[in-house]
Amino acid sequence: MTHFDAADAAVEAALAAGATYADARVMHRRYESMSARNGDVEDLTQRESAGIGVRALVGGSWGFFGVPDLDDAVARRAGARAAEIAAASATVPNRRGGPGLIPAEPEVGSWASECRIDPLSVPLSEKGDLLTSATAEMRKQGADIAVGSYDIWDTRKWFVSSEGHRIDQHVRECGGAITSTVIGDGETQVRSYPSRRGQFGTRGWELVEETDLGAHAARIAEEARALTRAPQCPAGETTVIIGGEQLALQIHESVGHAIELDRILGWEAAYAGTSWLDLSRLGSLRFGSELMNIVIDPTYPGALGSFGWDDEGTRAHKRDAVRNGVWTGVLAGRESAAVAGLDYGGSVRADGWARLPMVRMTNVGLEPGPHTLEEMIAATDDGIYMDMNRSWSIDDRRLNFQFGCQIAYEIKNGRLGRMLKNPTYTGIGPRFWASMDMLSSDIVAWGTPNCGKGQPGQTGHTGHPSAPARFTNVRVGVRG
Amino acid sequence: MSDQTELELAARVLELARASAGPSADVDVSVNRVALALTRFANSYIHQNVADTTTEVQLRIHSEGRTASASSTLVGADALGEMVERTVAAAKASPADPGWPGLIGPAPVLPSHDVDEAIVDASPADRASRVRDYIEAVGDLTAAGYFRTRYWSSAYANSAGQAVSGACTEAALDAIAKTASLSDGVARQASRRIADIDCAVHGARAAAKARAWDGAVEIEPGAYEVVLEPTAVADVLYCLGNFGFNGKLVNEHQSFLEFGSQQMDGSVTLVDDAVSAVAAGLPFDTEGTPRRRLVLVENGVSRDAAYDRRSAVEAGVAANGYAAAESAVFGMSPGNIRLEPAAGPAPTEVDGPASNSSVLELVARVGRGLLVTDHFYTRCLDPRRVLMTGLTRNGTWLIENGEIVRPVKNMRFTQSYSESLGPGNVLGIGSDAIATPYNYGANSATAPGLHLAAWNFTGGASG
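Sequence lines, in order, name chains A and B. Position 480 (the first sequence) corresponds to 479 in numbering that gives the first Met the number 0; numbering is contiguous. Position 453 (the second sequence) corresponds to 452 in numbering that gives the first Met the number 0; numbering is contiguous.
There may be inaccurate statements among the hints.
[Unchecked claim] Taking lysine to any residue and the SDA-like style, the derived pairs with C-alpha atoms no more than 25 angstroms apart in a straight line are:
id, chain 1, residue 1, chain 2, residue 2
1, B, K408, A, G235
2, B, K408, A, G265
3, B, K408, A, W275
4, B, K408, A, W391
5, A, K139, B, F329
6, B, K91, A, E125
7, B, K408, A, D153
8, A, K139, B, E313
9, B, K91, A, D153
10, B, K91, A, R28
11, A, K139, B, A314
12, B, K91, A, D117
13, B, K408, A, G476
14, B, K91, A, A135
15, B, K91, A, S124
16, B, K408, A, P122
17, B, K408, A, E252
18, B, K408, A, P429
19, B, K408, A, V121
20, B, K91, A, S34
21, B, K91, A, I116
22, A, K420, B, S415
23, A, K420, B, E418
24, A, K139, B, N241
25, A, K420, B, G221
26, B, K91, A, V121
27, B, K91, A, E208
28, A, K420, B, H252
29, B, K91, A, D128
30, B, K408, A, R396
31, B, K91, A, R46
32, B, K91, A, S32
33, A, K420, B, N241
34, B, K91, A, P122
35, A, K139, B, H252
36, B, K91, A, N37
37, B, K408, A, R474
38, A, K420, B, T457
39, A, K420, B, C379
40, B, K408, A, G479
Honestly, the hints are just simulated from the structure, not real lab data.
Working from the sequences, and respecting the hints, build out all of it.
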């Protein structure tokens, strides 16, 4: 019995049990991670998970059931169970009627992410040596706690729907990071490379090799130590240049989540929250300055949010989210699009076979600007340059944010000056983006492997093309 | 896995692994079977309704100074055999592990609580019925949230002779009611027993809060005296657990804890108690270490932290039952933390935004301050002080002269949680502790209301 056969059986059973639509995803994922601390490996984990998740629509209401078994009889029971759950949902129905799905042509095909070096085939000893040597070097250079880690996901999916979809995909993702922590007087200071959690993509081990963790170990240890002696980031309002890694998270939190259509429709109201965006103003609402061009692009090669089709069978396609500062697009699925009166989906994803596909970010990022980081610094008389995320928080409508960065430098008369510690900046999303007056052309597609959403909780993998940018009149230096 | 119990499955995998890794290897196996069902609603209808039943086997092998661990949801004979062989091979190929703490020997665990059969047997229709009760109780407001049930059966066996099993059940409601002008109120409760959660009562309470928050105005940020509702106190407890009482961070000197020191107000006693807690918990961890009631802070004096076996060896103390799937990397977190309530009469329903008479008594002692229902998106700026930033949510009100005088808009705070409970800073603790669910896993925090001398609000709704 093939995985497609199991998915077919589940869909057939759901339809036989009364569903008007059903789809099923078989997923098989292998995961490996290693973590080293102060020169020794502290954890090596290998996980394998496989099962089938079935979605059924009964009377305009949904049910989902997941089971870790691919036997024909089990798959059929899962399909029937999904329909039974949907029937229960229908006893507390949407009084405005079932939303249905926007029309879609049945897609048939295969897709695999680019992968030059299979990360699971790289010897554990080689991967371990990379982490132990880098953390030993950081420790030698002054880190109190030196940590290195990598994560690898190898996911195969087989998707079938009652409309005729038949898709298989193979996605390989990996990434790694090193972090130095120094314990100061009643404080900790942290420096990471290449980002807070690492650089991740839908790529093979070549991504980790290109990152070259060991070459940056000594520097970040020294910087973490130097931060304990650095002056505090001053409090006040100033011009801020934000590095590309931090701006990627800014995009994720204040743009990506805000344009999720399920949030806009109130489906996440009790937990993740809603959005400040009003659908009636799609196409006219000013989100930011003219420099702000944000695209939704799951076709971006090698970025962490890339795929061939989303988890309800919509082919990956590129779409504007913000064009010249005006809000023009959302992250949607076939159901949410039907409710909103839109004609596109493509952003529905699930964290494993046991979880319901829901609206998620794919790759949401900036198009390049006309400047360089050096030009931005040279054009700033008085300001602060900060980068590398340390903390992040934003309100339930995705307006009021506060971010902390690992490191900052004052800018005086067009030159970088003293190192500053504990930099934070805070603001209101559209006001902040409206103040962006310079943007670098140096785009990097940063990967975020830890996006939490949904109940039960799901962890999403998203990509965020980003570059350094300058913002004016930003409040900085908030401290507790 | 047919009728095989979790303990039988663990024993089978242990046997396979010992046969492959050899008699000198340390081997342990943990088996978890979780049946989770969650009925989610928004805009006053059920929009996501899910269930899954998953059995996962976790295997750890330490051989010739090297360690590897693996887990799988594939529990057929072939798949388990492959997992064992992969893990043996991984242990041989992995770098040396000089910090291996060894395995626990035979040690009894406290008996599990009775499993609530009403949770085990709860059907989709049962959950939908409870959701309907909540939605009807909020009346003309909009309802959103979830009702979930979870049955968790677990077993652990190792090559040193430890073999234990246990089970627990959890039911939880987490929901809001929202007015047309978008003010909202929240209701949140977790329990081992489904009958403890009255969704109609919670719906009425959330609706009352939402109506009372309508017309909120913005006020100046600054330091305010606060009364935190149990829903907000739960966040304080979770964060103290993650960053303060985390044995790994204690070892690394990233925690504020100094054992034996009066670091909190004398009125504060914090315990973690998976065994007798109101909400779900198992009597042992993923290393088979039995769990007991753990006193973290006693009358303000810091007493203990959460350790797995590795961090316990590093600290020179005994492991106390906090190993979890990712604890080797992220450390250990008390999963059933509780702030002991003050003595007092059983609470009664009250009019207005306070959740009950216990909270209202705290409000009556405030000169000028804020009643805060809930926290949102709290994140750590520095673990050393448990310095957190986040926002208020689901209802905040200005208190003057012991009276709730007006609703105020959400505010951002940047506040050291450990210092907020420091000596002299706790002005009152409520008499009614409520267990609230955690979004990830079956953990909970049990908290009464809390009256604090100062909370540092660093921004208003408009920035």
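Against the structure, the hints come out as follows:
1. B/K408 with A/G235: holds (23 angstroms)
2. B/K408 with A/G265: This hinted pair holds, its Cα atoms lying about 20 angstroms apart.
3. B/K408 with A/W275: Cα-Cα ~15 angstroms, so holds.
4. B/K408 with A/W391: holds (21 angstroms)
5. A/K139 with B/F329: holds (23 angstroms)
6. B/K91 with A/E125: Status holds; Cα separation ~13 angstroms.
7. B/K408 with A/D153: Violated - the C-alpha atoms of A/D153 and B/K408 are around 45 angstroms apart, more than 25 angstroms.
8. A/K139 with B/E313: holds (20 angstroms)
9. B/K91 with A/D153: holds (22 angstroms)
10. B/K91 with A/R28: holds (23 angstroms)
11. A/K139 with B/A314: holds (23 angstroms)
12. B/K91 with A/D117: OK: B/K91 and A/D117 at ~20 angstroms, within 25 angstroms.
13. B/K408 with A/G476: With Cα atoms ~23 angstroms apart, B/K408 and A/G476 stay inside 25 angstroms; holds.
14. B/K91 with A/A135: holds (22 angstroms)
15. B/K91 with A/S124: holds (9 angstroms)
16. B/K408 with A/P122: violated (55 angstroms)
17. B/K408 with A/E252: holds (21 angstroms)
18. B/K408 with A/P429: holds (19 angstroms)
19. B/K408 with A/V121: Given that 25 angstroms is the threshold and the Cα spacing comes to 54 angstroms, the pair is violated.
20. B/K91 with A/S34: Roughly 17 angstroms between the alpha carbons, so the hint for B/K91 and A/S34 holds.
21. B/K91 with A/I116: holds (22 angstroms)
22. A/K420 with B/S415: Holds, at about 18 angstroms.
23. A/K420 with B/E418: holds (21 angstroms)
24. A/K139 with B/N241: Given pair A/K139, B/N241 is violated - Cα atoms ~28 angstroms apart, limit 25 angstroms.
25. A/K420 with B/G221: Holds, at roughly 23 angstroms.
26. B/K91 with A/V121: holds (15 angstroms)
27. B/K91 with A/E208: holds (24 angstroms)
28. A/K420 with B/H252: holds (19 angstroms)
29. B/K91 with A/D128: Measuring from Cα to Cα gives roughly 14 angstroms; hence the hint holds.
30. B/K408 with A/R396: Holds. B/K408 to A/R396 sits at ~13 angstroms (cutoff 25 angstroms).
31. B/K91 with A/R46: Holds, because 17 angstroms separates the two Cα atoms, which is no more than 25 angstroms.
32. B/K91 with A/S32: holds (16 angstroms)
33. A/K420 with B/N241: holds (24 angstroms)
34. B/K91 with A/P122: holds (11 angstroms)
35. A/K139 with B/H252: Holds - the C-alpha atoms of B/H252 and A/K139 are around 18 angstroms apart, at most 25 angstroms.
36. B/K91 with A/N37: Holds, at roughly 21 angstroms.
37. B/K408 with A/R474: holds (20 angstroms)
38. A/K420 with B/T457: holds (19 angstroms)
39. A/K420 with B/C379: holds (16 angstroms)
40. B/K408 with A/G479: Holds: B/K408 and A/G479 sit about 20 angstroms apart, inside 25 angstroms.
Figure legend: structure checked against the earlier numbered hints; hints not met, in rising order: 7, 16, 19, 24.
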